[in-house]
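Could you build the full structure based on these sequences and the hints that come with them?
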Amino acid sequence: GFPSFAGSNGGWARTEYGEYYATSVPVYSAIRLRADALSRAPAIVYRTTPSGDRVRVERDHPAQRILERVNRWYTSSDLWRATEIYLNLWGSAFWAIERDEQGQPEIWPLRPDRVTIVPDRRQYIRGFVYNGRNGQVAYTPDEIVWFRYFNPLEEYAGLSPIAPVRMSADMAKDSLRFNRNFLRNSAQPDFVLLTNENMTDSEIEEFYRRWEARFQGPDKAHRPAVASFIRDIKTLGISHREMDFIQGLRWSLEEVSRTYGVPKPLLSDLERATFSNVNAAERFFWRNTMVPEMRFMADQVTRNLFPALGYTGLELEFDLTAIEALSEDESTRVSREVQLLDRGVLTINEVRRSRNLTDVPWGDDPASNFSKRGRKG
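Positions 1 to 377 (the working numbering) are the ones given, in order, by the sequence shown.
The hints are simulated quantities; they were obtained by calculation from the structure and are not laboratory data.
For clarity, every value in this text was computed on a predicted model and none was experimentally measured.
Beta carbons: idealized from backbone N, C-alpha and C, even for Gly.
Don't take every hint at face value.
What the hints assert, rightly or not - Subject to a maximum C-alpha distance of 25 Å in a straight line, what follows is the list of computed SDA-like cross-link-like pairs (lysine to any residue):
(1) Lys234 / Arg209
(2) Lys264 / Ala82
(3) Lys264 / Ala163
(4) Lys264 / Gly18
(5) Lys173 / Gly11
(6) Lys264 / Leu309
(7) Lys264 / Ile323
(8) Lys264 / Leu159
(9) Lys173 / Tyr28
(10) Lys173 / Thr274
(11) Lys264 / Leu176
(12) Lys264 / Glu282
(13) Lys264 / Arg40
(14) Lys264 / Thr274
(15) Lys234 / Glu197
(16) Lys173 / Arg250
(17) Lys234 / Leu193
(18) Lys264 / Asp170
(19) Lys264 / Val291
(20) Lys264 / Ile230
(21) Lys173 / Leu270
Claimed, not checked - So the derived label-pair ranges between C-beta atoms look like this:
(22) Arg177 / Asp60: 51 to 59 Å
(23) Glu58 / Ala22: 39 to 47 Å
(24) Thr15 / Asp342: 57 to 65 Å
(25) Pro42 / Arg126: 32 to 40 Å
(26) Asn356 / Arg177: 49 to 57 Å
Here's what the structure looks like:
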């Protein structure tokens with residue numbers, strides 16, 4: 001076996017963090033939405049040509065192929081979903097690079113709460129140890145791609161979003177649990193009837209029988225009651241109405257929404273939702289949450305995965321052209337580029353370079369020249 005090391009398991013990757021995905025509705029909804037969004041955009045590998053151009057690699061290129069056929073059991077969508085879910089629960093995600101029986105590389109996502117980082121004084125990290133069901137497995141730094149949210153309190157661990165939001169999530173779970181038990185298992189009466197005289201057991205039983213016959217059942221609720229021998233009614237405990245469960249649940253939802261960058265309308269909080277603000281929420285979600293997240297992941301893959309596979313000069317980028325929430329921004333960008341081309345501020349090749357396209361022989365002339373040629377023709 002391997003010795004126990006402090007690091008990612010030093011209190012920052014607790015197993016119970018993963019339980020929030022299965023027990024907290026707001027946490028599950030927010031993380032699931034982010035994971036689904038990440039899996040929608042294709043991950044495209046580009047290479048840099050000797051002339052400095054950036055072009056897409058072939059579909060059968062090993063770097064592109066491993067991201068589309070991750071291993072025998074995982075699809076590309078499975079890989080990105082698992083990575084995003086792990087990051088949102090534990091603040092870290094680990095890809096193990098292994099070889100199949102034919103020697104082809106595979107990617108296996110590892111549960112972060114089972115990974116221990118072995119520090120090294122000179123190389124920063126000596127290795128990783130995965131404590132799986134079948135025992136411990138050691139990996140070298142070149143065999144692991146480590147995604148992590150920066151943690152200012154521990155350099156060998158990511159910062160889980162659950163850490164700051166867990167109290168709010170716990171409050172919602174406790175409220176729901178109390179509410180369920182209150183309605184299902186409460187053995188305490190709501191009130192006590194105080195009488196003017198002592199009653200025998202038979203008189204008490206007769207009173208209960210008549211009371212239940214008149215008031216038991218939802219169709220008999222709120223009927224008036226008259227009893228001359230009752231002098232007072234004493235309410236026991238706190239009223240269920242006084243327990244503001246709904247407000248507590250909404251507060252918990254707001255905290256989760258802020259933590260994960262998912263607007264409330266996208267978490268089915270549609271009380272004040274309109275078509276306009278739902279569309280605005282989607283644009284906000286993609287611009288401020290998912291686009292930075294995708295760039296963060298693409299940078300990690302570019303820097304760590306491709307060199308580990310033996311490929312240099314490659315770069316990963318997510319294709320966002322099919323994302324409807326960003327299409328309006330694309331239309332605005334096209335209009336701006338057309339205006340700049342017409343005014344001679346940009347050339348066609350400058351616009352093409354901004355979109356990672358190769359130059360064309362006629363693209364360095366101002367676009368106005370083509371308009372003049374068209375009029376002469």
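Each hint tested on the structure:
no.	hint	verdict
1	Lys234 / Arg209	21 Å, holds
2	Lys264 / Ala82	23 Å, holds
3	Lys264 / Ala163	20 Å, holds
4	Lys264 / Gly18	22 Å, holds
5	Lys173 / Gly11	22 Å, holds
6	Lys264 / Leu309	41 Å, violated
7	Lys264 / Ile323	20 Å, holds
8	Lys264 / Leu159	23 Å, holds
9	Lys173 / Tyr28	13 Å, holds
10	Lys173 / Thr274	29 Å, violated
11	Lys264 / Leu176	20 Å, holds
12	Lys264 / Glu282	10 Å, holds
13	Lys264 / Arg40	21 Å, holds
14	Lys264 / Thr274	12 Å, holds
15	Lys234 / Glu197	16 Å, holds
16	Lys173 / Arg250	12 Å, holds
17	Lys234 / Leu193	7 Å, holds
18	Lys264 / Asp170	19 Å, holds
19	Lys264 / Val291	19 Å, holds
20	Lys264 / Ile230	51 Å, violated
21	Lys173 / Leu270	21 Å, holds
22	Arg177 / Asp60: 51 to 59 Å	53 Å, holds
23	Glu58 / Ala22: 39 to 47 Å	41 Å, holds
24	Thr15 / Asp342: 57 to 65 Å	60 Å, holds
25	Pro42 / Arg126: 32 to 40 Å	36 Å, holds
26	Asn356 / Arg177: 49 to 57 Å	52 Å, holds
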